[in-house]
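Residue numbers (my numbering), protein chains in the order written: chain A, 2 to 354; chain B, 2 to 354; chain C, 2 to 354.
By construction, these hints were calculated from the structure, which means they are not laboratory data.
Errors might be hidden in some of the hints.
Identical copies look the same in the list; a pair holds intra-copy or inter-copy alike.
Straight-line C-alpha distance at most 30 Å; calculated DSBU-like pairs for lysine-lysine [claimed, not checked]:
1) K207 to K61
2) K319 to K61
3) K319 to K68
4) K61 to K138
5) K236 to K319
6) K68 to K207
7) K68 to K236
So you can see what is in the structure, the chains are spelled out below.
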Amino acid sequence: MYPVEFPRNAWYVAAMSQEVSRELMSRWIMDDPICLYRRLDGAPVAMVDRCIHRQMPLSKGRLREDKLECGYHGITYDTDGRAVRIPSQDFVPPACRVRSYPLVESGGLVWIWMGEPEMADPSALPDHHWLNDASRKTIGGLLPMKARAQLLNENLLDLSHLTFLHPDSIGSEAIAELPVTTEFGDTWVRATREMNDVDCPPFFTKVMGVSGRIDRGQVAAFTAPSFHVTHVSAKPAGGGHEELCEHVVLHCITPERRTSTHYFWLVSRAYNVDDAEVDALWTHGGRNVFGQDVDACEAIEGVISAYEPSYPVELNMKVDGGPLRARRIVERLVAAERTAPDQASAETSTSQA
Amino acid sequence: MYPVEFPRNAWYVAAMSQEVSRELMSRWIMDDPICLYRRLDGAPVAMVDRCIHRQMPLSKGRLREDKLECGYHGITYDTDGRAVRIPSQDFVPPACRVRSYPLVESGGLVWIWMGEPEMADPSALPDHHWLNDASRKTIGGLLPMKARAQLLNENLLDLSHLTFLHPDSIGSEAIAELPVTTEFGDTWVRATREMNDVDCPPFFTKVMGVSGRIDRGQVAAFTAPSFHVTHVSAKPAGGGHEELCEHVVLHCITPERRTSTHYFWLVSRAYNVDDAEVDALWTHGGRNVFGQDVDACEAIEGVISAYEPSYPVELNMKVDGGPLRARRIVERLVAAERTAPDQASAETSTSQA
Amino acid sequence: MYPVEFPRNAWYVAAMSQEVSRELMSRWIMDDPICLYRRLDGAPVAMVDRCIHRQMPLSKGRLREDKLECGYHGITYDTDGRAVRIPSQDFVPPACRVRSYPLVESGGLVWIWMGEPEMADPSALPDHHWLNDASRKTIGGLLPMKARAQLLNENLLDLSHLTFLHPDSIGSEAIAELPVTTEFGDTWVRATREMNDVDCPPFFTKVMGVSGRIDRGQVAAFTAPSFHVTHVSAKPAGGGHEELCEHVVLHCITPERRTSTHYFWLVSRAYNVDDAEVDALWTHGGRNVFGQDVDACEAIEGVISAYEPSYPVELNMKVDGGPLRARRIVERLVAAERTAPDQASAETSTSQA
């Protein structure tokens with residue numbers, strides 16, 4: 002059964018850097034409404050998107066330099082969430098504050114920590130160093146998905162779906178039948194498929210310029226709770242001195258609500274880095290291919306939701322080793338957090354004002 | 002209180018023959034998603050529209066001759082629902098199967114059995130022999146209805162509504178005040194209204210060519226759980242040798258979800274069978290008149306749903322004898338099935354994979 | 002926590018007079034569907050909008066002089082809700098009746114009593130005598146709001162929001178910081194703000210023709226359960242002989258369902274009464290300014306509903322004295338009705354017909 006809950010003490014991608022500006026922006030992340038903006042010095046800020054006073058979304062207010070003024074009664078918050086002004090009264094009580102969230106900006110992404118702020122450690126960000134590598138070119142996008150995040154987690158660890166879900170782009174008949182090597186640790190899973198002397202899929206020909214029979218490498222690595230790095234390589238079959246065409250896809254999956262998800266995808270390629278046409282092919286192709294994954298997950302969510310609170314029987318196959326391992330990791334991380342005191346849930350308990 | 006549940010061990014119309022083809026088609030019936038298609042030899046096939054593996058709708062896959070390949074990981078099912086191929090593995094376990102449903106195609110309709118397959122007996126199909134009578138002409142259609150099926154069951158057994166709901170087509174002032182004879186058995190109800198020397202309703206004039214005062218016969222026969230045959234006849238009042246104009250309407254009501262319904266209507270006439278203009282009048286008129294019934298049922302469902310889980314007081318009238326009898330029959334059939342072991346519900350229990 | 006329930010033994014505005022005609026009209030009020038129409042003599046009539054027989058909305062029927070005929074089976078109701086005709090049967094049982102509601106028409110409004118009919122006392126209507134004053138001009142409208150009614154109750158008692166929510170129309174920087182005097186009784190709250198020598202807000206300049214520094218008076222008076230009268234006055238600062246510009250806004254808040262509301266606003270002015278341009282400014286300006294309040298309430302409802310059944314922490318400010326007083330009054334009136342026998346709820350209990 003696909004879980005719907007994710008651990009909060011983890012980094013998630015809140016937004017692509019270019020989305021966050023001096024315009025107030027609202028986005029739900031893990032069932033919290035979040036207001037995002039930039040300070041005058043450019044640093045991103047994230048606060049819960051409801052005023053402590055009467056639940057007005059702060060994103061409907063306005064910026065006063067770095068501070069955020071509620072658009073209803075003017076309560077003004079500093080970037081750390083503490084109120085600094087309450088119109089009509091002199092005293093600002095310490096309880097007059099909203100939650101602010103630790104952020105890190107790196108690799109063209111704004112990363113958010115949804116759990117205990119004191120546990121937010123930038124060194125725990127998932128590896129994404131290639132996004133900061135100037136010799137590569139990265140094309141990315143955000144796909145909204147009306148389905149639970151775990152569906153994508155499992156999709157991305159099962160490479161056999163390429164043959165059937167993406168036959169016209171990155172799939173080919175051979176993939177599904179080739180063996181997979183699955184390795185794993187406490188918080189990661191890696192599925193490797195060496196595909197020697199296989200047909201070059203149509204989309205690779207377009208963006209890489211290779212064709213015919215190729216040796217294709219594909220490594221899908223999951224890092225808990227919801228990051229996937231797919232290393233893809235292709236070279237003419239049988240070896241030789243031809244250049245390796247290689248790209249890395251980073252998939253960042255951010256739960257929005259229980260059954261909806263923000264899906265950030267970023268393709269960083271080492272080939273044709275200055276070719277704007279290849280940029281356009283990946284912009285369109287990424288949206289198309291990863292959009293097929295979104296379509297599949299949404300179709301499945303539609304079936305699951307129709308059976309709730311029951312759940313249809315499911316049967317596991319040989320290819321499910323990796324996905325099921327990832328499922329267990331997510332479930333274990335969620336269970337571990339449940340035993341600890343939860344600051345987030347305490348903040349949403351009922352107030353009888 | 003209008004029931005929402007229907008017996009599963011019964012035939013229902015799944016589709017009109019012309020709807021089912023080599024294109025995969027998806028339709029919810031009695032809370033099951035169903036994938037419908039035709040084999041190469043033309044025979045219709047119905048399977049539950051979710052893969053046993055990860056709930057992907059099979060209707061998003063593709064046909065491989067007669068077999069159905071899931072569009073996610075390529076698991077391939079034969080027409081009986083048994084998997085015959087699982088890519089990436091040699092062994093296909095017997096549990097790798099989906100539910101297939103017994104079908105019968107007759108009278109231009111594809112009939113489906115939603116209950117225990119071994120109980121599916123084609124001789125138990127409700128009578129529809131006139132649909133296969135070449136001397137008649139049948140015009141039909143499918144109306145989707147956002148209301149529970151039982152609302153139509155009761156609508157069709159109460160002929161007094163013609164005066165008020167269909168005043169411009171098949172209703173007339175006289176109908177509501179004329180006596181009804183109601184007969185019934187264990188699984189059927191029949192309401193008969195003889196209307197001698199009454200005004201010819203406007204729509205009869207159009208399609209039959211009769212007018213003025215007529216002797217009008219109307220018999221509405223309900224066969225459990227959701228079939229209605231309305232025999233309608235009209236001839237100039239006072240007897241004489243004029244030809245009888247007569248048509249039969251078969252109403253097939255298929256629950257989609259608890260409060261939505263597929264409404265198939267088929268008008269088979271014995272008059273003007275080769276007149277394309279009369280075909281067009283019935284195509285439009287059927288959609289119009291039966292659409293008024295759908296509108297009424299949807300309006301009522303809107304009221305009922307607003308009061309849930311409570312239910313507004315209702316008061317029975319003399320005209321409700323037939324409808325209430327049908328209501329009791331449906332409730333009794335549902336209750337009888339509840340006491341028997343239910344294969345369908347067993348299949349949807351939670352799997353902790 | 003914002004309450005969602007309101008007392009039923011109270012007058013509410015059902016409609017503006019011009020909305021009610023010989024065309025049957027349907028409107029939900031306090032979770033009851035209501036059918037409204039006028040008798041031939043012009044008097045308004047209100048009945049529950051579902052037939053006692055099978056829940057068909059009566060608003061889908063037709064008028065027979067003053068009587069209302071159900072559009073399904075023709076049961077015909079007199080204006081007091083008693084059935085006078087059941088087609089197909091001679092006897093009309095006394096139980097064949099629907100609820101009718103006491104109405105009063107005054108000030109261009111149709112007022113409805115949703116509780117015990119015998120308690121409906123026209124002298125208990127909230128004061129609105131200025132609506133019948135021919136020397137004034139009234140402009141009004143109805144704004145539908147997808148939020149609970151209490152959000153508007155509290156909005157209208159907190160004048161400090163003018164600065165932040167309506168900065169371009171009736172707000173100005175000074176308002177939020179000026180002291181408020183709050184008075185109250187058992188069923189009313191009054192908040193007074195004297196604003197001497199303040200900037201004239203932009204919209205006042207347009208409609209009143211005043212500008213520069215003004216002495217501005219603002220009194221917001223709440224009468225339980227959901228009426229607000231805002232007295233607004235403006236004159237050039239520092240006194241002198243200039244004429245006072247003064248208008249009265251009546252806000253009538255009618256719960257539709259638990260979290261949706263009909264918001265009637267009526268601005269009665271004593272200045273420029275014959276100026277059609279000022280009429281147009283108020284028609285547009287009222288919709289605009291009060292629409293900003295609706296937007297704020299809907300945004301808050303969106304946040305609250307996302308947290309249900311939990312409720313986010315809220316913190317009270319100095320300005321909340323008036324709003325919280327109104328909240329307590331509404332809660333107390335609802336609690337008082339709960340202890341009394343409730344005719345309305347008895348009528349919606351489940352009938353096992």
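Structure-based check of each hint:
no., hint, result
1, K207 to K61, "between (44 Å within a copy, 27 Å between copies)"
2, K319 to K61, "between (50 Å within a copy, 22 Å between copies)"
3, K319 to K68, "between (54 Å within a copy, 22 Å between copies)"
4, K61 to K138, "neither (36 Å within a copy, 35 Å between copies)"
5, K236 to K319, "within (28 Å within a copy, 71 Å between copies)"
6, K68 to K207, "neither (48 Å within a copy, 33 Å between copies)"
7, K68 to K236, "neither (53 Å within a copy, 36 Å between copies)"
The structure does not agree with the numbered hints 4, 6, 7 stated previously, though it agrees with the rest.
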